[in-house]
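Colleague: These are the residues of each chain, in order.
Protein chains: 2
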Amino acid sequence: MTDSTRRSPLHDFLAPDSIAIIGASTDPTKRGYKALVGLLEGGYEGRIYPINPKAPEIMGLAAYPSILALPAAADLALICTPAAAVPGILRDCGKNGVRGAVILASGFAEVGGSGVQLEAETLAAARDAGVRIIGPNTSGMFNLHKHINLLALQDVKPGDIGIVSQSGNMLLSLALQAQRNGFIGFSTYVGPGNQTDIGFGDYLRYLSEDEKTRVATFYVEGFRDGRAFLEAAREATRVKPVVVYKSGSTEAGQKSASSHTGALAGSYAMTVDLLRQCGVNVVAQSDEILPVAEGLGLLQQAPGKRIAILSDGGGQATIASDRISEAGLKLAELSTLTRERLANILFSQASLSNPIDVAGSTDANPGLFTDCVDILLRDEQVDIVFLVGMFGGYSIRFDQSLQPAEEHCATEMARCVRERGKGMVVYSLYAPVRPQALMTLREAGIPVYDSIEYAVTTLRALSDRGTYLKHANVPPQNLELGVTDEATVLFERALAEQRDLLEPEARAVLASYEVPVPDSRWVRNDTELGQAARHFAGTPVAMKIVSRDILHKSDAGGVRLNLASEQDLHSARETILRNCRGYSPDAALEGVLLTPMARKGIEVIIGASRDPVFGPVVMFGLGGIFVELFKDVAFRAAPLSRHDAESMLAQVKAARILDGLRGEAPVNKAALVDLLLRISAIITQYPEIESLDLNPVIVHSDGYEVVDARIIVGTDDQTRGNE
Amino acid sequence: MTDSTRRSPLHDFLAPDSIAIIGASTDPTKRGYKALVGLLEGGYEGRIYPINPKAPEIMGLAAYPSILALPAAADLALICTPAAAVPGILRDCGKNGVRGAVILASGFAEVGGSGVQLEAETLAAARDAGVRIIGPNTSGMFNLHKHINLLALQDVKPGDIGIVSQSGNMLLSLALQAQRNGFIGFSTYVGPGNQTDIGFGDYLRYLSEDEKTRVATFYVEGFRDGRAFLEAAREATRVKPVVVYKSGSTEAGQKSASSHTGALAGSYAMTVDLLRQCGVNVVAQSDEILPVAEGLGLLQQAPGKRIAILSDGGGQATIASDRISEAGLKLAELSTLTRERLANILFSQASLSNPIDVAGSTDANPGLFTDCVDILLRDEQVDIVFLVGMFGGYSIRFDQSLQPAEEHCATEMARCVRERGKGMVVYSLYAPVRPQALMTLREAGIPVYDSIEYAVTTLRALSDRGTYLKHANVPPQNLELGVTDEATVLFERALAEQRDLLEPEARAVLASYEVPVPDSRWVRNDTELGQAARHFAGTPVAMKIVSRDILHKSDAGGVRLNLASEQDLHSARETILRNCRGYSPDAALEGVLLTPMARKGIEVIIGASRDPVFGPVVMFGLGGIFVELFKDVAFRAAPLSRHDAESMLAQVKAARILDGLRGEAPVNKAALVDLLLRISAIITQYPEIESLDLNPVIVHSDGYEVVDARIIVGTDDQTRGNE
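Which chain is which? The protein sequence lines are R and C, in order.
Heads up: the first sequence runs through residues 95 to 817, numbered per the numbering used here.
Heads up: the second sequence runs through residues 95 to 817, numbered per the numbering used here.
Don't take each hint at face value.
Because identical chains share one entry, a pair is satisfied inside a single copy or across any pair of copies.
Computed cross-link-like contacts, DMTMM-like style, restricted to lysine to aspartate or glutamate with a CA-CA straight-line distance of at most 20 Å [stated by the list, open to error]: (1) K694 to D613; (2) K306 to E537; (3) K124 to D111; (4) K747 to E722; (5) K128 to D457; (6) K763 to D249; (7) K124 to D493; (8) K128 to D493; (9) K189 to D169; (10) K349 to E204; (11) K747 to D726; (12) K251 to D468.
No lab work stands behind these hints, which were simulated from the structure alone.
Bound conformation, chain R alone (with noise of 0.2 Å):
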């Protein structure tokens, strides 16, 4: 990557050539200590400001006073001081040039009270003097390929991961895994702490354009602003993996994060669904995040999900086979010509369907894997291959003597990985004892687990990432439908009244967005009464109340089903309108509103919403009790691309309903996509609109009927309706 490209102004101070240690102290137990010998230890080759106002040398270098007495300007300053004195120390940081600060004090937001006002100083004066702000309440960062390493951490190598953590002990751990594992090393890391100048979006957008870092890896227990996390992500996946592990999946999580950072958690299912829209390799599970990280670096994606499954028998076999399917990955159909050529090389009781079990004809000559992989990888209908069991143990179980075949084998099948362009990944019951041949695997960029269960995790994230890709480089043939005079009048006219849309008003909206909207009558006297009972004549109709005030019309006793004759009309207008003067007395009852009664089909619920941390988010799910018992709903952020519609539809897990069960029909899914995508445009164009609710919108084999339409305008200081 040129300069010319790089956009990020994080290069400047993430990859520094000058450091000041504001606060470099001898005291060995102090960071300003730690970080001096981290960068004198390691190796740093550009220059060290030590700042301390009595110490005129510290380990051998000239010490100054304060930053304005350096003889120039320090790229990255570390500022060690206690929080009260951050703010002036910034101001004369920006004096000096300084581009970015790390700031590790804790007593800011976190804390509340005074801190918060503190933080809201620090940035002040932070954006006065032009200095970028990392923290506070930061674990610190490193930049390994630049020898930094201002968190003093020991045993990090160099390496191609990045990772950005809102906890230091996560890195911590994740360290001390790379450690044991031998092979994983670390490009950059920063702890976003506070987050209050330089949000995940920016660091994600650093390390998309960091040439030394292969995969960038988050862990998040809550986005400050998560759009922009987004629209990194959205550019930053296209060139290399970006992988996060995402705390607070659950009630408990949230309120130990909360309490940790203070993070506003969201939801959880809403934040993996977004991700997952960009691109991004969601990990569900902590000890997932390296080995996933490590494959995705190694690797980057795979061009499918179908898996060759390469064995040396046992059950290993069967219990990859196993979690492949319920990964939703595919054993790949071998072409005849690859069992052909397969079976030319293997004794005649092995299993030449996936999984293949090689039944013994590699115990003498384990170098027959080399031959197996390659006719593998030349089969075009298999996207990756995943080598299951004993290899890298032959000489240590068999017979000492087949070692250098072993290894031979190891040079030779990542040689022919390399050569063919798709991948392999290893699973081996030997990598527990690191044999060479597994090393010589791993040195060549094969991934090498020691549990299935990673490496098929691994597995899915390259597909995921392979699949993603595949789409996100085909340029989306979507709507484009701008802001509507008639939807502008009413918004325009609720904002004025400071109301939400009435229902009558919700459908027009959407009418105005070619949404087709069920023939409707908005009866407010007697006449306009006598002239719907004509219109529907014979028709069952429902009536519903109209009111500002009446968000849950069924609550209020405002919604008659199944109304004929005009009588019966009369009648239910009648009752609805005491029901709902009794409920709420004070309520400004705007008539009912008259609609045929509904086809029977699947109901649906399509919802959108403007999200604090993600902003307008659209939602999909079947209605009833999938929604209610099972939260079974599919979130997009919002504008939806058509493929994103198309996939909301497919991830609810009652998705099968829609195809037709028990022999009907199968619903208009176009449709639904469209409606989806309109909705999209409605919420996109409109940021007054907080949320808009279609539930239930009744789907059938031809087309949809909107049933209920809300719309609730956000003003932020409006008194809302006494509900």
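Got chain R sorted already, so can you dock chain C onto it with the hints?
Modeller: Chain C only, in chain R's frame:
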């Protein structure tokens, strides 16, 4: 355990005092060589008899030309010869007085054809000779406390985990993981091979009696006699934990398992339910087998699911909280006294609600953890403590001088756990680097994990087992129902006529078991139709064909609903008979059945069937798409205890529907439980029942209505109707 309570005959040869190696060899690649080396190097103290027709001496031991030439009886014979020789050798073994034989050779039933016959001959020879068989096609066995290692597996140490694995590679994998762990050892291993004679249930009985085994662990591709295993498990789990990993959770896995061991897979979901019913800890991920076995071996159980998380901050407490909730465990609510006690010793910023965050209190004083653990264990609301974070790494991360304090703390925590009689599980981020403090904990019997996920899976297993033991030790209050005269007559008649029960008969069987069956009339002619019309006057009824030859009444057009007038009844009957004649011209039509239309309510399905592996099994699920789409059903082996039946209702994911959603009244669960118990009694009493289906049963707040009942009679060689 004294000899008088020993029941398993397997002790005689799984803990043998003398071993004959039939096919002892001087060729280092042969099993007959490796086993001998294994015994000699392992320090086996019993007598070893190498059998080899040519060598008078092998490895310094007197060799014998045949087992008939031995000076005394051998308890165990390891048979290393090819398959064809086995029956003859077994006959000789019998003459010698051998109690059990390990048959390594493959080429038996698993290869089909003549192998099947050879296996039958082998079994017959063994029975004649009074010799029990391990295998054939087994990987072998070891008993490390007796210094017997017939697999010559390196680097395994004696310990308390017993293993039976249908995959030798799985044993190998567990052994390699144990080697890395450093603490884990094994008692007895057996590869059951083809299970020709001795099956999983027999091995379980042996392991449950074996004093050296604290946890019995199984890798199962397929049970041959699942019922025997359930019975053995019911006994064994009262004494010690039983861990089962069952492969074949997916179709792909089942296919692979079947080609690997020829195992009958059966339904995975059913197998899991039945195993859990008997107190077995089923592990779903293969990489969790050893961690769970380790934790269960050490701690045996936790009295409940209330976990206290003790952490030193960081994201790990949040992750642990998420996993705890997802696993169905609870964060314990700490008592006021506990919080006060913690407040007395921790910094003011510590979080005293669960998860407890010591917030730096231990940074300079890790010894404080002992006091915290003690306080938590004394809280009656806490079932087990989960220590999460950096413990073990304080001296590495903060200050080397903390090392003695940290190690002392480990000793003290272990003492405290022992004294308080509750358990503790540890996750440390430093576990990968094995610091001494963690080694001390582990040595003292506290499980230490390097993955939060493994730790929580273990906590779940401990809690599941403790919860199981609570009710397993309460004498069940079960229904004791024998056969009924009415049912006996009906089954005899159906058997005699080689047919299934007609629906009126199925209803009569239910009625004879005091199942309230809706009023019904079996109508075979016009007179009966008139009587029925008068009987049901005014009540809308359903009409269904009665035919021994028509199983699927709706498909045949054999059902009409909501019939009111006599005229309706007449024409419905004509239509039904005409439809059925068209559908199945040769079917015997035996009239129609009339019953009142069922009230509205919640549809459930209750079934019972005779599984080829597990025997009589009862199934419960919610009707419609829950069964169809989500396979959301619960299984239990019959006969059911009341607890079993209750737990079925609680298990299904849609269980909350039974409690009444949206303000509906909860259904009468007691009536459903009673129905399940009666169905269990029926299938238990009548072995001629192949399956029994009540589909649907409509449940309401005051009971249920069986809408359709079907009983299929299993007569092996019966020709079925033309469906």
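Colleague: I'd like to know which numbered hints this structure contradicts. Please list them from smallest to largest.
Modeller: 3, 6, 12
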